[in-house]
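Undergrad: Sequence:
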Amino acid sequence: MRRKRIHQAAPRGTLQDAGELAVFTENSGSVRHRHALVIAFDSEDELRKAITDHRCAYRDGQRVQEIKANG
Numbered sequence: 001m002r003r004k005r006i007h008q009a010a011p012r013g014t015l016q017d018a019g020e021l022a023v024f025t026e027n028s029g030s031v032r033h034r035h036a037l038v039i040a041f042d043s044e045d046e047l048r049k050a051i052t053d054h055r056c057a058y059r060d061g062q063r064v065q066e067i068k069a070n071g
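Last residue of the sequence shown: 71 in the working numbering, with the numbers rising by one and none dropped.
Keep in mind the hints are simulated off the structure, nothing from the lab. The beta-carbon is built from N, C-alpha and C at its ideal position, and this holds for glycine as well. Just so you know, not all the hints are guaranteed correct.
Simulated DEER-style distance windows between Cβ atoms [to be verified]:
1. His33 to Glu66: 17 to 25 angstroms
2. Glu44 to Gly71: 33 to 41 angstroms
3. Leu37 to Ala9: 18 to 26 angstroms
4. Arg63 to Val31: 14 to 22 angstroms
5. Ala10 to His35: 20 to 28 angstroms
6. Gly71 to Asn27: 34 to 42 angstroms
Work out the full structure, taking the sequences as your base and the hints as a guide.
TA: This is the structure:
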């Protein structure tokens, strides 16, 4: 039997930056990504929902607004 999934609004975050990104973690050290988005969430719950659902919506942060304005 297949369960019907209730459609919920996507978790919302703020797109803080875009472009090349270096990620530092305790376990794997530094990893560089040439094409990346940095999305920040207002709560850990929203972050977990985005990870679990494999989707989110976001609004542009200040840096992204600058990137858009300057091409």
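Undergrad: Please check whether His33 and Glu66 have a Cβ separation lying inside 17 to 25 angstroms.
TA: holds (20 angstroms)
Undergrad: Should the hint that Gly71 and Asn27 are 34 to 42 angstroms apart at their CB atoms be regarded as holding?
TA: The hint (34 to 42 angstroms, Cβ to Cβ) holds, given that Gly71 and Asn27 are roughly 37 angstroms apart.
Undergrad: I want to verify a distance hint. Is the separation of the beta carbons of Arg63 and Val31 within 14 to 22 angstroms?
TA: The hint (14 to 22 angstroms, Cβ to Cβ) holds, given that Arg63 and Val31 are roughly 21 angstroms apart.
Undergrad: Is it true that Glu44 and Gly71 lie within 33 to 41 angstroms of each other by Cβ?
TA: Check passed, 35 angstroms falls within 33 to 41 angstroms.
Undergrad: Are Leu37 and Ala9 spaced within 18 to 26 angstroms by their CB atoms?
TA: For Leu37 and Ala9 the Cβ distance comes to about 20 angstroms; the hint holds.
Undergrad: With respect to the beta-carbon atoms only, verify the hint that Ala10 and His35 lie 20 to 28 angstroms apart.
TA: holds (22 angstroms)
Violated hints are absent here; each numbered hint is respected by the structure.
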